Amino acid sequence: MFILIGMSFLVLTSIGDSYYRDWVYANQIADFGLADYLPSITGTITSIFLLIGLAKDWITKAPESAFWITCGCATYECLQPVVGTGVFDPQDLIAVFVTGGIVVFTLNKVNASILRTVKHQA
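Taking numbering that gives the first Met the number 0, the leading residue of the sequence shown gets 0, the next gets one more, and so forth.
Calculated directly from the structure, the hints in this document are not laboratory data.
All figures in this text were calculated on a predicted structure; none of them were measured in a lab.
For glycine and all other residues, C-beta sits at the position ideal for the given N, C-alpha and C.
It is possible that part of the hints are untrue.
Ranges between beta-carbon positions, derived for each pair [to be verified]:
no.: 1; residue 1: Glu63; residue 2: Arg115; range: 13 to 21 Å
no.: 2; residue 1: His119; residue 2: Val86; range: 48 to 56 Å
no.: 3; residue 1: Ile2; residue 2: Ile28; range: 16 to 24 Å
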């Protein structure tokens, strides 16, 4: 399930970065900067779900893993000018932290729900 979500967001990241941004710029659409930071949002979700999906002990450690993956994504955003993959944009950094925070919060809620269900079944 996690890998499927991660792969879906990988496709969305590619589409957002390649086609949506060009379309918005070409048509001069005011999308409040979404074309610029959409890849940071979808890329963070991609990273979190793919890496958690590949982990062995993902259920109990998913929220903590998501937190550290978010930190890794934020580090990448800051290092883009150094490694030559882009420019630093504070909006991208904010998008990574907000997205990561929402995913961590959601995983905590899902995790608690799963653990309650298992506890009641035992």
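Exercise for the section: Could you tell me which of the numbered hints above are not met by this structure, giving the numbers in increasing order? Expected result: 3
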